[in-house]
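Q: These are the residues of each chain, in order.
2 protein chains.
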Amino acid sequence: MKRSLLYTIIGILAIAVIALAVMQFTGGGDNQSTAPAADVEGLGDAAAALVAERGLTSENVYAALKTYMPSGQHDPYVMFASGGHSGQLHVIGVPSMRILRTIAVFAPEPWQGYGYGEKSQEAMFEEGDVLGAGVRWGDTHHPALSETGGRYDGDFIFINDKAQARVGVVDLRDFETKQLVKNPIAMNDHGGTFVTPDTEWVIEGGQYAAPPGGAYAPISDYNDEYRGMITFWKFDREQGRILMDESFAMELPPYWQDLCDSGKLVSEGWIFCNSFNTERATGGAGSGEDAVPFESGASQNDMDYLHVIDLNKVIDVAANNENKVNDFNYISLETAVDENLFYFIPEPKSPHGIDVAPKGDFMVVSGKLDPHVTIYSFDKIMTAIKDQDWTPDEYGIPVLNFDSVMEAQVELGLGPLHTQFDNKGYAYTSLYLDSAVARWTLGGDYDHADEAWTLIDKESIHYNVGHIAAVEGDTVEPAGNFLVALNKWSVDRFNNVGPLLPQNLQLIDISGEGESLQLLYDMPMGIGEPHYAQIIKAERLHPVQVYPEVGWNPHEWAVDENATLAGQERIERDGKNVEVWMTSIRSHFTPEHVEINQGDHVTWHITNIEQAVDAVHGFAMPAYNINLSIEPGETATVEFDANKDGVFSFYCTEFCSALHLEMTGYLLIKPNVDTGK
Amino acid sequence: MKRSLLYTIIGILAIAVIALAVMQFTGGGDNQSTAPAADVEGLGDAAAALVAERGLTSENVYAALKTYMPSGQHDPYVMFASGGHSGQLHVIGVPSMRILRTIAVFAPEPWQGYGYGEKSQEAMFEEGDVLGAGVRWGDTHHPALSETGGRYDGDFIFINDKAQARVGVVDLRDFETKQLVKNPIAMNDHGGTFVTPDTEWVIEGGQYAAPPGGAYAPISDYNDEYRGMITFWKFDREQGRILMDESFAMELPPYWQDLCDSGKLVSEGWIFCNSFNTERATGGAGSGEDAVPFESGASQNDMDYLHVIDLNKVIDVAANNENKVNDFNYISLETAVDENLFYFIPEPKSPHGIDVAPKGDFMVVSGKLDPHVTIYSFDKIMTAIKDQDWTPDEYGIPVLNFDSVMEAQVELGLGPLHTQFDNKGYAYTSLYLDSAVARWTLGGDYDHADEAWTLIDKESIHYNVGHIAAVEGDTVEPAGNFLVALNKWSVDRFNNVGPLLPQNLQLIDISGEGESLQLLYDMPMGIGEPHYAQIIKAERLHPVQVYPEVGWNPHEWAVDENATLAGQERIERDGKNVEVWMTSIRSHFTPEHVEINQGDHVTWHITNIEQAVDAVHGFAMPAYNINLSIEPGETATVEFDANKDGVFSFYCTEFCSALHLEMTGYLLIKPNVDTGK
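If you read the sequences in order, they're chains V and F. Heads up, the first sequence is in this note's numbering, so the first residue is 2 and it goes up one at a time. Heads up, the second sequence is in this note's numbering, so the first residue is 2 and it goes up one at a time.
Hints listed in this document are in silico derivations from the structure and should not be mistaken for laboratory results. Glycine included, C-beta positions come from ideal geometry on N, C-alpha and C. Just so you know, not all the hints are guaranteed correct.
What the hints assert, rightly or not - Just a few of them, taken from the derived set where beta-carbon distance is under 7 Å, the chain F residues facing chain V:
#: 1; residue: Asn61
#: 2; residue: Ser87
#: 3; residue: Lys183
#: 4; residue: Ala286
#: 5; residue: Glu296
#: 6; residue: Trp391
#: 7; residue: Asn497
#: 8; residue: Gly515
#: 9; residue: Gly527
#: 10; residue: Pro592
#: 11; residue: Ala624
#: 12; residue: Lys645
#: 13; residue: Val648
So here's chain V without its partners, still in its complex pose (with noise of 0.2 Å):
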């Protein structure tokens, strides 16, 4: 049989299979028909006849109870979910599943005026710039919650970009994107971003090799030239920023390097990535009858290989490494090897989620193709590394015993992707194609431990599930209550919105024992593709709601150069360049006329005056593609060439008031007498 019938073939049974588990849901997935009607009594005249008329059902009117929340009660629980390829990450509140916000970090967002000519946007924008393309978009993956001690303490939020290799620091003191790095040795990233368990490091692994550096190089030198990485941002917590100088990369061999985790407590100081395609399959469908496409060739290996990397070792070769790429801190491959840098343990098959447990104690694999999550001891690999009980693979990379490391497999469905954690000593993986959560037992010194390694209840979810969030569940001590599940597909869960269907966060309570798993509420996700998220107890984080100082900078973080108060709004002209001091309040700016001249170059200041929650102000200015949203306190400053001349009215975006309408001026740009217009 040829190759590539073969791969033909084993791709429409893929297909099939997949189809199947989808029909299987599709019927299977609402309860509705067979499961009793609730017990009225009691409920009150009105709310009986409520579950009466809409056929609710015990479990409804719980997950009604549970999830509701009235008006100005807060949800105790706040989820950061990162948006996919909608480039930013979103905030919602956990039971309720309502969107508190977006926090718009790689795509321009002009409710929040981001992206829209603020200029310290615009410069953050152009220092994560790729190749100087004006990329104006990202995929977000995996947001990391700034941690001391490995809790979550609400101060800092990252956040990757895979399609372009970038990270995103996001400042919770105010939910606004900070900073912008791009990765000057990555094209692409995916096992992003990942935090130590005190922040200092923010970790981005690795995805689709590529010639370090951006060159080129044919497929054909695949082995040669194409390399996998890791790479380590040094984070600055009193600044607020990744410091480019003090961070650096590490050369991998060219397998795609995927998702890492942070050890913690007995593991802190170690970092645990995966990786696939250990076949360096390197594609090429279409290219004729021998070419294998990706999906089959990289499919191929029964074991791949976690990434076991020794930090602290890594950390000083770094301080002393001269190689440079890109003018960024490059250790090579061959330093790495030379300096027993970093391990591999065999890990089965095509793994995708590498998940510590809260104790650090155990690291859990889920090979996609496998029916199984793999758990490691954090103990015997530490004494296999002693005991040198390894084989060394064709790049001299160590290659631990796979059963001298390995503590136990558990078997839990189709498709094991990722891991959370409780606090009651259970595990939960999500399984993509069973679309169901499965809850197990851990071993060693957890709750539970008597039926160690033990799967315990499994509840479907719809459809194609990714991704799942316990409340704190990758932290060292989980919340346990609540996992949502951030499923893939919708399907014919949601109202009919068109050929683009939203993905379905499915919230399931977690609070029982045993096999007490219920799903509670479905949330569709119609504006982005949640890849991973974490939850925060809400009382861990403290924004300020008006920024400190009338005048405030918030990119800064200090009252900026050009704060205006009242009474010291001003226009002031040096030859072509007039600049703008102005101010808004309820419901008026000052000054409400700028006249100047076409070929003009104008710097704008704008202080929102207001001292009040909730006061913020717009500022819109037509056919110059700039809209601002100026909260209650902030300076905020654009800049551009008065190229169109006219009369222009900027307006404040943001209902104010009820004088709100009246709140706008006129530019007016006279004509350019020089062009005899």
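Following the hints, put chain F in place on chain V, whose structure we already have.
A: Relative to the frame of chain V, chain F by itself:
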């Protein structure tokens, strides 16, 4: 007393009133502390325990059971909300208040692959551009669902951009934007969009007066050179497009025309638009001691003018009109007056909303600085016109006698803005300063006419309500049931997410009679500031979920000339022009390798050959600002100059299968040897 001081005092007083109103509702909004707990007997143990633990009231239990949507059940109503300066439309299920998806209109949105290189979209953006400035945002205000016989038909939705006077056309067959039209006369608008009862015309009202066509004129020439306007866009339902050549605008005095509504049934053929700043204030705060800010200057008159426009006559005159501005058919004010194309009716005071009652018999105006709504009788207006019961104003425009056409005034409270209707003879008006929604009775031929023009109930909202939307509440056949208050401030309602707060969309139960209004649900809106919304019965919507044929071009609604089926994939070169015909299917692209040279011009067609619901594939191309979302059956095209050499991994951004990560390929761009690189 100097005028500037006077206006400063007025300003301070206005802020104080607003602050007090906010404080009042901040304190009074939380009814949890005083209301009795719900009767828990019969709920089932788990639910009863929840009610006790959470301190839920009977009202809370009713609201939870009324709004909760079990997995797989669909919302009976769908709300289309503008996004304000987000530039988009948001689709929300009612009563669950879940965001089903966002429809990108004026701003790029990478999740739906909107504005990131797709060729038809780029052409659309260019057609709707503003003075060649590459404007990529809008301030969407009033969505208008297409109507047949005054009822929503679920075919199209229109939306304006206030900032730049543009109109977007969205096709509800696939919930995608198909056209952006720039108004050639006006630089901004407000009162758009509104449709005539059979959607022959899309109405775009005005806002801030300016010289027609965008020319410069000094502000001192305001009375002579600045003008108001209204635009009539001709809509071709067959093509699904606005026809620029058959559309026209009509010049109006330099008042600030605002919202409009179409007459319906008995009043079909008439258009009603209100206005403010009939003072013709020109602002100038900050320009010297005598300068009067707009907020004061535009709030002096006790009466402004309702514009009553004879649409059929206007259409006739437009057909023979030869006056053009910027090549656009433009009826001068002189012609309009000579031909009696419109009339004025005095309306108190700085009005905002104008809303025609379901039978077309009454016009309801809310003067935002007057505590009443004022109701005009269409019969009386027709009689006054017939009897020439008018006085001409200084432009020669007939001003009808207020007492002759006024039917009733109902005192509702502070800051009335907008009115909607139900199926029981009630009208609902938002009260901005009161932070409340009022229910009152219509007279004439409606239920409850026995107690006509009477305030019945007021429900507090939180806070500062702008528009309201009841189910089909602006059509000839309102449904009743639910009403959503689009509140501008949320202050304390939700978790603190920094200085930029979400808005609060509050769902109110209007299904009962009399004083039965009940607040059901608080929905944070942190992805835009919805200005107006319409709520349609879900059964009227029939979008496709998969495009009709493989290779579909959604913009042309036909098979694309570059549709590519499996086996037809290819790469062709003609000099420096490279053209790629690619297919995507779970889980690979064909071809997976594309090798070109730096300096090539690339045209790249991708056909998603899937035919399963939800089987969307993305296409991300790093470093070239390209990101597509290709729905099942769709063919999309991008075009770019390959000016950056290197190795670029393109990949599918939609998590489409278990082997989704393997759905990738290499674009290999050889350095240009000519440049010596």
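Q: The structure should be examined with respect to each hint, and the outcome stated for every one.
A: For each hint, the structure was consulted:
1. Asn61: holds, 5 Å
2. Ser87: holds, 4 Å
3. Lys183: violated, 10 Å
4. Ala286: holds, 4 Å
5. Glu296: Result: holds, 4 Å to nearest chain V Cβ.
6. Trp391: violated, 28 Å
7. Asn497: holds, 5 Å
8. Gly515: violated, 15 Å
9. Gly527: holds, 3 Å
10. Pro592: Pro592(F) check passes; min Cβ-Cβ to chain V is 3 Å, inside 7 Å.
11. Ala624: holds, 5 Å
12. Lys645: holds, 5 Å
13. Val648: holds, 5 Å
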